[in-house]
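Q: One-letter residues, chain by chain:
There are 2 protein chains.
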Amino acid sequence: MKWHELSEQPCSVARSLAVVGDRWTLMIVRDLFLGATRFEQLRRSLKISRTVLTDRLNLLEAEGVVKKRPYQEKPTRYRYLLTPKGMDLYPVIMTLVHWGDKHYAGENGPPVLYQHRTCGHDFTPVLTCSECNGELTTLDTRVHFADFARHGKAETA
Amino acid sequence: MKWHELSEQPCSVARSLAVVGDRWTLMIVRDLFLGATRFEQLRRSLKISRTVLTDRLNLLEAEGVVKKRPYQEKPTRYRYLLTPKGMDLYPVIMTLVHWGDKHYAGENGPPVLYQHRTCGHDFTPVLTCSECNGELTTLDTRVHFADFARHGKAETA
Chain A
38 MKWHELSEQP CSVARSLAVV GDRWTLMIVR DLFLGATRFE QLRRSLKISR
88 TVLTDRLNLL EAEGVVKKRP YQEKPTRYRY LLTPKGMDLY PVIMTLVHWG
138 DKHYAGENGP PVLYQHRTCG HDFTPVLTCS ECNGELTTLD TRVHFADFAR
188 HGKAETA
Chain B
38 MKWHELSEQP CSVARSLAVV GDRWTLMIVR DLFLGATRFE QLRRSLKISR
88 TVLTDRLNLL EAEGVVKKRP YQEKPTRYRY LLTPKGMDLY PVIMTLVHWG
138 DKHYAGENGP PVLYQHRTCG HDFTPVLTCS ECNGELTTLD TRVHFADFAR
188 HGKAETA
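Protein chains in written order, with our numbering: chain A, 38 to 194; chain B, 38 to 194.
In isolation and in its complexed conformation, chain A is listed as follows (with noise of 0.2 Å):
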């Protein structure tokens, strides 16, 4: 597959990061991961503004990775969930996690470390391929057309 070919088809890298595209919506995954629920918690932790939060908050609650339920009334205040498709970022965080604790821990190593309960081990993570279980690495995948692609002209036409 040529590279300009590629690059004109809808791509699901652009439309992730059209939803978690901004440093501000991962850090709110992240706190939401970390056990953070109301709006209060996010602000003070992330230092930024109410505007910018709400405007976040709103976008991934539109998109469906965030839910809000009332935990107060008057004022009604809300607490904010991950849904399922949320939850689907963690790989997200843990690889953007495992980047960091590589490349920017100081020397003394990375100051969280994340244990595996299952097995009791503190772990790093590893992506493997879905069908041989192997580590994946750049080097060993090729990027192709799925048929409808491939021969999608016509539908568009």
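Among these hints, one or two may not hold up.
A pair counts as met if it fits within one copy or between any two copies, since identical chains are not told apart.
Stated by the list, open to error - Calculated pairs, EDC-like style, for lysine to aspartate or glutamate (alpha carbon to alpha carbon, straight line, at most 20 Å):
(1) Lys139 <-> Glu100
(2) Lys84 <-> Asp59
(3) Lys104 <-> Asp92
(4) Lys105 <-> Glu168
It should be emphasised that the hints constitute simulated quantities derived from the structure, not laboratory data.
The structure displayed is predicted, hence computed values, not measured ones.
Fit chain B to the known structure of chain A by using the hints.
A: For chain B alone, kept in the frame of chain A given last:
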């Protein structure tokens, strides 16, 4: 670990997103993975201004994610290549691809498929534990401080 304790720690997600935390930056990295190497290829693919592209490439070069190599003189033109640190973003890109494929592909499914050369099959990426090879999910991950971070206040006092 309480959420408010954690949110005050240096965070690898924050550090990562300080470098790659905007849409264009990760789209540039995506295009470099797909084989683009030249400024004009990137500019046409992403439909962004020269100023924004130059700014993002300069950041990526300063952070050691991208290196540039001259391929022409008078005027000097450069090829942009991912460094090993840039290659390490492959899992971030692939988990973003997968999230987009899962939640934003139309009824035809994703237009672009990824084949694992080693086993020959089209795959989806699975995040696994470096220690037991089991699949990782948010529910079986526990977050805790590294020893130096837990006892670290004296070091910074």
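Q: Okay, which hints does this one fail, numbers in order?
A: 4
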